[in-house]
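Now for the letters of each chain:
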Amino acid sequence: MSRRAAYEARQRRRANLIAGLSTIAVVGLVILLVPMAPGWDAVKRSFFDGETFVNTFPTLLRAFLLDVAIFAWSVPLIFALGLAIALARGAQSPALFPLRIFGAIYVDLFRGIPVVLLVYLIGFGVPGLGLPRPWNSPYIWGTVALVLTYSAYVAEVLRSGIESIHASQRNAAICLGRNSRDTMRFVILPQAIRRVVPANMNMLVALQKDVALLSFIGPVEILRQAGIFKSLLANFTPYVVAAVIFLCVTVPATRYADYLLNRDRNARS
Amino acid sequence: MKTVLTAALFMGLASAVLADGHCAAGKTLTDGTLTIATGNPAYYPWVLNDAPEAGEGFEAAVAYALAEEMGFAADAVTWVRTSFDEAIQPGAKNFDINMQQYSITAERDKVVDFSAPYYTAPQAVLTTQAVIDGGATGTMDSLKGLKWGVVASTTALPVVMEQIQPSQSPLVYDDNANVTAAIQAGQIDAALFDLPTALYLSAVVVEGGAILGQFDPNAAENPDQFGALMPEGSPLKDCVDAALTALTDSGKLAEIEAQWLQEATGVPLIQ
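Protein sequences appear in the order of chains A and B.
Residue numbers 851 to 1119, in the numbering used here, belong to the letters of the first sequence in order.
Residue numbers 49 to 319, in the numbering used here, belong to the letters of the second sequence in order.
Hints should not be assumed to be uniformly reliable.
Claimed, not checked - Okay, the calculated bits of chain A under chain B, using three or more residues with CB under 8 angstroms as the criterion: (1) 882-895; (2) 923-931; (3) 1019-1030; (4) 1049-1061; (5) 1078-1086.
Keep in mind that the hints were calculated from the coordinates and are not lab data.
For glycine and all other residues, C-beta sits at the position ideal for the given N, C-alpha and C.
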């Protein structure tokens, strides 16, 4: 080992040691100091009650399946509609100008309205027009509200991806005899979509939490179930259980996306 | 010295408001004042016009009668608003007592204190004339087949699940307004409320609303009883209980009930 390598290794060990000690000190202080607060026992009983945790966990996990289901059927709709809106906004032909206007208004409108309002408006309003069962189901119209909001966001993300592709790509494709439709489909979109994967992963994590907003119009998903337990038991621990279940899904999902991105970057460089 | 004098003067004033040796003396948040919490908004017929200060509505009237019994004049009562969550959170509370139709349950009693009950609420089934025309009747068999909705923060959900055992799982909402919206949208057939709330909603809020029937509160194992909520270990509890007992014994409580809550005898019992 050269002197320089030895020096660097020594520096690295020293940095690791300091990082470790400082982390231990901070964690230790938190563990030591927080329980010394006068209200800690009450907070612990209200938020971290072991018995409540164990008792409510199975029901909450079952309720979480509803979140997963709503999420699963919403995502394809969101991306399909989001892509359509992004393409509408990017339409080049003068004859398609109304389509561009429509895309712009759509995005402005649905990105601007709070999701909660949209969930109420569509979840209660549309069925209130007199639809018969099962077509007035809160699951259907709640999903519509989520799709409308999130497709507006996704459309903007995709549009930024499309615009980030250099004009030379389009020109090269035209030179090769591709028409504009094929250019978009085979040249622009594959690159654009790949470029905005991290932003879209962000959307998915946000969506996964906003699925809970459907509980406002009736469905008993995990946060609603936790709220029911909270009011029956007068204890907030069920929300902590819900958070743990959420984290068990979102953390691995985010890490997996990071992994995919890294692999993609490494493969290209 | 000045502060001591001020303090002494204050004590003198306080004891002028509250007779010495009265059970609430020195036990309230602000000496000489009783701070009472209600919902935001407070619902009819418990509080009229969302204005508890007027003393109109059953709970508002009970609150002022209770305060008087405990030695507080009407102008010594302060109102605050809390949500259900604020009432059960750990840590300091901003009210002495909280009255917003809290059902007394053993689980809740572990975290907060309840006074003696001031009202026993029969549970009633709110629905619409259209559902009744569709063949729904006040029998258990018929109730099982309905699509139910309840408010999450109430004790109605366990009643629906355990007593009615509906064939479809009920939908759950944040508050009365959302339940009535869902009834109006035809997403649910029926909802379970305490009878005074159900009567109000069916008469005023829900278009074509109707009451299918009420559950006999005397037949229920754990009748739904409303109590005033206090922080766990509140020193006021004995005082509030004594005042409520006095109000019950003197017939004042029944009088207030008769004045503000509709006569419930016309509503048929669920078979």
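Enumerated hints in conflict with the structure, sorted upward: The structure breaks hints 2, 3, 4; every other hint is satisfied.
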